[in-house]
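Protein chains in written order, with the working numbering: chain A, 1390 to 1661; chain B, 35 to 109.
Hints are not guaranteed to be accurate.
Computed Cβ-Cβ distance ranges for the label pairs, DEER-style [stated by the list, open to error]: (1) A/Ala1531 to B/Val57: 14 to 22 Å; (2) B/Val57 to A/Gly1557: 43 to 51 Å; (3) A/Arg1553 to B/Val57: 50 to 58 Å; (4) B/Val57 to A/Leu1563: 38 to 46 Å; (5) B/Val57 to A/Gln1502: 32 to 40 Å; (6) B/Val57 to A/Arg1434: 30 to 38 Å; (7) B/Val57 to A/Ala1412: 31 to 39 Å; (8) A/Arg1582 to B/Val57: 22 to 30 Å; (9) B/Val57 to A/Gly1568: 33 to 41 Å; (10) B/Val57 to A/Arg1636: 20 to 28 Å; (11) A/Thr1451 to B/Val57: 22 to 30 Å; (12) B/Val57 to A/Arg1575: 28 to 36 Å.
No lab work stands behind these hints, which were simulated from the structure alone. Please read all numbers here as calculations on a predicted model, not as lab measurements. Ideal Cβ positions, reconstructed from N, Cα and C, are used throughout, including at glycine.
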Amino acid sequence: MTERGPGQAPDDSALYVFAVCDAPDPAAFGGLPGVAAGQPLGRLRFGALTAIVQTVRAADFTDEVWQARMADRDELERYARAHHDVVSAAAACCPTVPLPLATLYHGEDRARQALLDETERFRTALERTAGHSEWGVKVYTADLPAPDPSPSPPRAEAPAAGSRPAPGAGLAYLERKRGVQARRERRHEDALRLAETVETAFGALSAAGRRLRLHAPELVGKGHTQVLNATYLVPDHRGAELQVLARTLRNTTGARIDVSGPWVPYSFVGEV
Amino acid sequence: MEREVVPWDNPEPLSGPIGVPLVDLLDRLLATGVVISGDLVIAIADVPLVRVSLHALLSSVNERVPAPWADGGPL
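This is chain A alone, in the form it adopts within the complex:
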């Protein structure tokens, strides 16, 4: 951990800013690699606040390089976790505002000026999140094993080529389709209601809540559908209550409810 003096980085380097803190303990970052191997993490003072920074090679963070990185799952994961590790270390020792992945400046002077310009927003975010943690809540419904076969008549033998369908086959087909559609709508409404129930319950013990985008079916896996991906800013002393609530809701709704946390309040430091 190095204290950054004034100065401009050489042209081929840039300054990566992880987070802004109140009063970070330098010892908290020992041994963390950050996003650039071999470069120590540093502190950059601006006004009364401190940014956690690291000098990186500018060539590693050009548009093209970064896009390629974002498209490579392993690289993306490596950078996301490295960033998260530094943010978590900062948050463990003092109130912290995480910055988005890959926030970079041409050197310390530029960074200091840009951060100073945003001091008010950092202050607001620090005040809003002090004494709070973020908790993720995801809700899933179990998929039906298979389409309900009972209302549909047994399938007739495949007609020989050129033969006509049996009388009434078209009507039966339409009714079957309508049944499928009605069931789909009912399940959709049930899912919406379930999501609202869970959202209301967690919202009641939170200072703020947000819905995140739903995860794709490929990520959720077979057998379940995600109906809510939400995240809440919860006072630290209510963390245990949140776990109890999750258990209660699992029992009353029968739904799968995954809780993750406590997170550094990533989702609640911006404009919410």
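Since chain A is already given, all that's left is putting chain B on it; use the hints.
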């Protein structure tokens, strides 16, 4: 990288050896934060190209699988 400073008293099984599921991490890392303008590239939430490649990567909610809600989230 074993260092997990913020403790997780999560009763659910966590996917992956490092603890925090990547997809949940990305939900938070890429979509949020105080977006300030950096010099070089990227406040990621503002970069459509990155968003596009992430969509390809994570196959998030797309046209084929409409989200039940209009405001599907920050990404």
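Check: Which of the numbered hints are not met once you compare them with the structure shown?
Finding: none
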